[in-house]
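Novice: Residue-level listing of the chains:
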Amino acid sequence: MLAASMQERATPIVDLAAADFDTVVRLYWPRIFRFALASLRDRDAAQTVAQDCFLKAYRGRDRFRGEASLLTWLMQIAVNLVRDNARNRRLQFWRRAPAGSADGAPVRDWIPDAGIDPERRILVKEQVDAVWSATARLPARQRTVFLLRYVEEMELLEIAAVTGLTEGAVKVHLYRALRSVRAYVGRLR
Amino acid sequence: MNDFREALSRFRDAVHQEGEQTASPGLQAMLLRDCRLKRARLRLAAAAVVALTLAAIPAYENAQRVNAQRQREAEQARADALLLKQVNTGLARSVPRAMAPLMDWAPGN
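Protein chains in written order, with the numbering used here: chain S, 241 to 429; chain X, 150 to 258.
Treat each hint with caution, since some may be false.
Stated by the list, open to error - For each label pair, taking beta carbons as the anchor points, the in silico distance ranges come out as:
| # | chain 1 | residue 1 | chain 2 | residue 2 | range |
| --- | --- | --- | --- | --- | --- |
| 1 | S | Tyr415 | X | Leu201 | 47 to 57 Å |
| 2 | X | Phe153 | S | Asp302 | 39 to 49 Å |
| 3 | X | Gln218 | S | Gly300 | 58 to 68 Å |
| 4 | S | Asp302 | X | Arg192 | 27 to 37 Å |
Stated by the list, open to error - If you want the footprint, here are the derived chain S segments under chain X, 3+ residues with CB under 8 Å:
| # | stretch |
| --- | --- |
| 5 | 266-280 |
| 6 | 365-371 |
Keep in mind the hints are simulated off the structure, nothing from the lab.
Beta carbons: idealized from backbone N, C-alpha and C, even for Gly.
Throw the hints in and build the complete structure from the sequences for me.
Specialist: In structure tokens, the structure reads:
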């Protein structure tokens with residue numbers, strides 16, 4: 241019941257107690273976590289970002305005015321945290337993973353559905369790996385827009401609200417990201 | 150074109166699948182973790198303050214010792230200078246102070 245109302249736009253959460261907010265966490269955790277995972281390519285970092293996102297939202301829930309959907313608001317926080325995390329990792333050069341290790345990140349280990357024939361499975365795996373590698377090479381903003389559109393399936397206006405860009409800027413970033421990914425995937429074939 | 154769309158769709162499925170492998174720890178666990186992190190940071194800061202203080206004590210003591218030594222040296226130098234002045238004054242007399250009255254009896258005076 242609460243979960244259903246949460247999914248609607250403009251749900252006020254100011255009066256939510258910790259127990260109710262737990263429902264928000266359970267409901268939106270997969271989306272926030274996978275966005276962080278696809279952005280940072282590090283399961284631990286993604287988990288930290290997702291947890292920080294919900295803690296920030298919980299502590300700042302009185303600032304949520306319901307002008308946007310709860311998901312938009314949470315995603316906004318997640319995008320900022322992902323950006324901060326990436327910036328910190330750039331500064332912490334001693335913690336930086338060896339070159340090329342981003343390509344060995346979580347989704348690379350993904351194995352397609354066992355129901356399809358082996359030849360097709362290899363093809364599908366290659367496709368996923370190619371897109372994964374291509375997104376790793378995108379500039380941060382283009383990657384964010386790309387992931388919000390093609391992984392989270394958000395509308396352009398929602399992406400604009402999340403990233404703080406204009407709809408036109410979102411279109412430009414998305415066009416450039418798509419062109420880069422397509423070129424990279426095409427080159428690998 | 151269709152291949153690319155399919156690749157994007159497979160990529161989305163893969164990310165969704167990967168995302169579902171890590172369950173939400175729940176708000177209470179998050180709050181607890183945050184509390185522990187804050188406490189650890191506080192402990193680290195306190196340890197840093199203690200370490201800095203401990204490192205600063207010998208340096209402070211050394212500075213105090215050097216200051217006292219300098220002060221002693223300056224006082225000694227002042228006393229030496231005063232003594233030297235007195236000696237010089239004494240040497241500048243033609244006769245010792247005790248014999249000065251006798252000088253009036255000396256011939257030629």
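Novice: Are there hints from earlier that the structure breaks, and if so, what are their numbers?
Specialist: none
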